[in-house]
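A.B. asks: Residue numbers (the numbering used here), protein chains in the order written: chain A, 5 to 296; chain B, 5 to 296.
Source of the hints: derived by calculation from the structure; they are not laboratory data.
Incorrect hints may have been included.
Identical chains blur together in the list; that is why a pair holds if it fits in one copy or across any two.
With a cut-off of at most 30 Å between alpha-carbon atoms, the simulated DSBU-like pairs for lysine-lysine come out as follows [stated by the list, open to error]:
#1 Lys278 - Lys75
#2 Lys145 - Lys88
#3 Lys196 - Lys267
#4 Lys75 - Lys235
#5 Lys40 - Lys267
#6 Lys278 - Lys250
#7 Lys123 - Lys215
#8 Lys278 - Lys88
#9 Lys164 - Lys209
#10 Lys38 - Lys267
#11 Lys209 - Lys160
#12 Lys132 - Lys153
#13 Lys132 - Lys209
#14 Lys160 - Lys132
#15 Lys236 - Lys42
#16 Lys164 - Lys75
#17 Lys38 - Lys160
#18 Lys42 - Lys278
#19 Lys267 - Lys75
#20 Lys88 - Lys153
#21 Lys153 - Lys209
#22 Lys160 - Lys250
#23 Lys75 - Lys236
#24 Lys250 - Lys88
What you are looking at is a predicted structure, and each value in this text was computed from that prediction instead of being measured.
Protein chains: 2
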Amino acid sequence: MPASNRNLPAHLLNVDERFFLIDCGEGTQLQLRKYKAKFSRLDHIFITHLHGDHTFGLPGLISSFNLLGRKNDLHIYANADLEKILNQFLSHFFTRLDFSIVYHPLNVSAPELLYENKKITVHSFPLKHRVPTCGFVFREKPRLRYIRKDMIDYYKIPVKEIVNIKNGDDFMTEQGLVISNALITNDPEPAKSYAFCSDTGYTEKIVSYIKEVDLLYHEATYSDEDIERAKKHFHSSASEAAAIAKLANVGRLIIGHFSARYKDIAPLVEQARKIFPNTDAAEDGMVITIQD
Amino acid sequence: MPASNRNLPAHLLNVDERFFLIDCGEGTQLQLRKYKAKFSRLDHIFITHLHGDHTFGLPGLISSFNLLGRKNDLHIYANADLEKILNQFLSHFFTRLDFSIVYHPLNVSAPELLYENKKITVHSFPLKHRVPTCGFVFREKPRLRYIRKDMIDYYKIPVKEIVNIKNGDDFMTEQGLVISNALITNDPEPAKSYAFCSDTGYTEKIVSYIKEVDLLYHEATYSDEDIERAKKHFHSSASEAAAIAKLANVGRLIIGHFSARYKDIAPLVEQARKIFPNTDAAEDGMVITIQD
Chain A
5 MPASNRNLPA HLLNVDERFF LIDCGEGTQL QLRKYKAKFS RLDHIFITHL
55 HGDHTFGLPG LISSFNLLGR KNDLHIYANA DLEKILNQFL SHFFTRLDFS
105 IVYHPLNVSA PELLYENKKI TVHSFPLKHR VPTCGFVFRE KPRLRYIRKD
155 MIDYYKIPVK EIVNIKNGDD FMTEQGLVIS NALITNDPEP AKSYAFCSDT
205 GYTEKIVSYI KEVDLLYHEA TYSDEDIERA KKHFHSSASE AAAIAKLANV
255 GRLIIGHFSA RYKDIAPLVE QARKIFPNTD AAEDGMVITI QD
Chain B
5 MPASNRNLPA HLLNVDERFF LIDCGEGTQL QLRKYKAKFS RLDHIFITHL
55 HGDHTFGLPG LISSFNLLGR KNDLHIYANA DLEKILNQFL SHFFTRLDFS
105 IVYHPLNVSA PELLYENKKI TVHSFPLKHR VPTCGFVFRE KPRLRYIRKD
155 MIDYYKIPVK EIVNIKNGDD FMTEQGLVIS NALITNDPEP AKSYAFCSDT
205 GYTEKIVSYI KEVDLLYHEA TYSDEDIERA KKHFHSSASE AAAIAKLANV
255 GRLIIGHFSA RYKDIAPLVE QARKIFPNTD AAEDGMVITI QD
């Protein structure tokens with residue numbers, strides 16, 4: 005349930021101004037507008053599971069896409085049942101949409117590559133919840149090497165060779181001399197990564213999939229005192245989220261999906277920080293940049 | 005469509021701490037929480053028509069009612085199709101609700117008494133829109149007369165007579181003397197009334213149904229310059245809303261349902277005020293008390 009100061013789940017991931025939406029609780033389109041996200045740059049929506057708090061924003065978002073004149077395909081990665089549910093519901097409100105929705109059913113029993121472009125890959129992996137649920141991990145592909153400007157000049161490297169050198173090739177001069185790649189390039193920044201794990205009970209099976217991501221969002225629906233309730237409802241406690249972050253050796257942990265029973269979530273953050281210090285609580289409208 | 009500072013339609017009417025919801029756009033439950041409305045005091049929902057911007061908040065609101073342990077019946081007054089649409093949709097998310105939804109299909113061709121309790125009546129009446137649409141008018145019943153405390157003492161009026169006298173009866177003393185009601189009571193405050201008209205093109209047919217209401221909400225989706233667009237889409241311009249208010253001789257007009265094309269709605273308010281001066285624009289979270 006939403007609280008007076010906490011809306012329902014949705015994360016927007018910006019990769020070079022292309023947007024990826026993860027979950028779409030009621031009110032997501034209102035928040036997207038509030039924070040000035042460009043609807044036209046959102047082509048891919050990832051839905052962890054078919055509970056209302058993660059999906060009830062879809063009809064409104066899809067309606068607004070249509071009113072805004074969308075023509076591009078919209079890709080939705082979700083449990084296979086969503087296609088039937090949304091088609092049935094939307095058919096009462098639209099004779100037709102002016103764009104296509106392409107549904108990609110999730111594999112709810114094994115990890116799978118869902119999407120890939122030049123920059124990133126997106127994999128799903130099973131979580132542990134009352135209904136089939138997947139987490140998602142977004143990983144940048146290894147970046148190209150930085151070619152040294154001074155070396156281009158010095159060896160008179162032609163433009164057509166530059167892509168190969170950025171990809172790690174050595175360079176051969178006109179005289180047949182081989183210049184090692186290490187001499188003419190610098191290491192790029194490490195590729196960045198982000199994982200979204202909600203809703204889920206504690207399960208170490210996910211650790212290998214989210215290993216060393218820069219930013220992990222992991223639900224912490226309950227405080228440690230309510231761990232029995234967490235187990236019963238297949239949710240995690242704050243310390244459990246932190247234990248996963250520690251095992252996976254991630255860079256930073258954001259916890260969220262707090263039960264509406266907690267007015268103040270500072271105690272949950274403290275519980276998590278005892279195990280994984282670099283933890284913060286998700287807040288509505290929070291923006292996190294994964295820095296180089 | 006919502007704008008960054010304007011949510012979707014929903015009005016909450018408070019009659020002596022019993023709540024009546026009119027329309028339920030996406031995010032309504034979030035706004036109800038934000039403004040601290042008590043969910044347990046809301047038993048009646050009136051839906052003007054089955055467009056998404058007026059209905060997509062229903063699944064989330066109903067889910068939250070269930071999570072909050074609701075047992076009381078929920079009455080929904082709407083186009084007959086809503087029952088099938090909601091049952092179908094919700095069946096994918098709940099095995100069952102712990103309360104009953106009682107659907108009351110609207111008569112979309114003639115005015116009708118929808119609901120009545122000791123205090124108020126609620127009537128629907130047809131509006132003029134692309135799909136069957138009704139407005140609603142809430143009228144307090146005539147209030148009981150104020151019985152004068154000094155007269156109770158003077159004539160030694162027994163308690164059992166007081167209700168009859170408040171209802172207008174004369175009083176007969178033990179000696180058989182008839183005391184006129186006018187002598188022992190004062191006039192009550194006039195009964196209050198409120199009407200909701202959205203979405204609708206300009207139609208004078210509604211005037212008789214909303215005659216002299218204290219507060220009229222009438223849509224003004226478009227500015228007067230866009231009146232052709234208003235006609236085409238069966239919406240009203242600001243001046244048209246004001247003309248209806250004037251013809252119906254209402255106390256106060258609130259205009260709303262503004263197209264997302266208008267960043268600034270001050271010009272629409274000015275247009276309306278030229279015809280009906282006591283006009284204001286609806287704002288998110290606005291609270292209006294219909295004063296005695």
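A.B. asks: If a hint holds in the structure, say so; if it doesn't, say that too.
C.D. replies: Evaluated hints:
no., hint, verdict
1, Lys278 - Lys75, "neither (49 Å within a copy, 41 Å between copies)"
2, Lys145 - Lys88, "neither (34 Å within a copy, 47 Å between copies)"
3, Lys196 - Lys267, "neither (34 Å within a copy, 38 Å between copies)"
4, Lys75 - Lys235, "between (44 Å within a copy, 26 Å between copies)"
5, Lys40 - Lys267, "both (28 Å within a copy, 14 Å between copies)"
6, Lys278 - Lys250, "within (11 Å within a copy, 66 Å between copies)"
7, Lys123 - Lys215, "within (19 Å within a copy, 63 Å between copies)"
8, Lys278 - Lys88, "neither (44 Å within a copy, 51 Å between copies)"
9, Lys164 - Lys209, "neither (45 Å within a copy, 75 Å between copies)"
10, Lys38 - Lys267, "both (24 Å within a copy, 13 Å between copies)"
11, Lys209 - Lys160, "neither (52 Å within a copy, 83 Å between copies)"
12, Lys132 - Lys153, "neither (50 Å within a copy, 69 Å between copies)"
13, Lys132 - Lys209, "within (9 Å within a copy, 58 Å between copies)"
14, Lys160 - Lys132, "neither (57 Å within a copy, 75 Å between copies)"
15, Lys236 - Lys42, "between (39 Å within a copy, 28 Å between copies)"
16, Lys164 - Lys75, "neither (36 Å within a copy, 72 Å between copies)"
17, Lys38 - Lys160, "neither (51 Å within a copy, 65 Å between copies)"
18, Lys42 - Lys278, "neither (38 Å within a copy, 37 Å between copies)"
19, Lys267 - Lys75, "between (42 Å within a copy, 25 Å between copies)"
20, Lys88 - Lys153, "neither (55 Å within a copy, 67 Å between copies)"
21, Lys153 - Lys209, "neither (45 Å within a copy, 77 Å between copies)"
22, Lys160 - Lys250, "neither (48 Å within a copy, 82 Å between copies)"
23, Lys75 - Lys236, "between (44 Å within a copy, 23 Å between copies)"
24, Lys250 - Lys88, "neither (39 Å within a copy, 48 Å between copies)"
Checked against the numbered hints listed earlier, the structure breaks hints 1, 2, 3, 8, 9, 11, 12, 14, 16, 17, 18, 20, 21, 22, 24; every other hint is satisfied.
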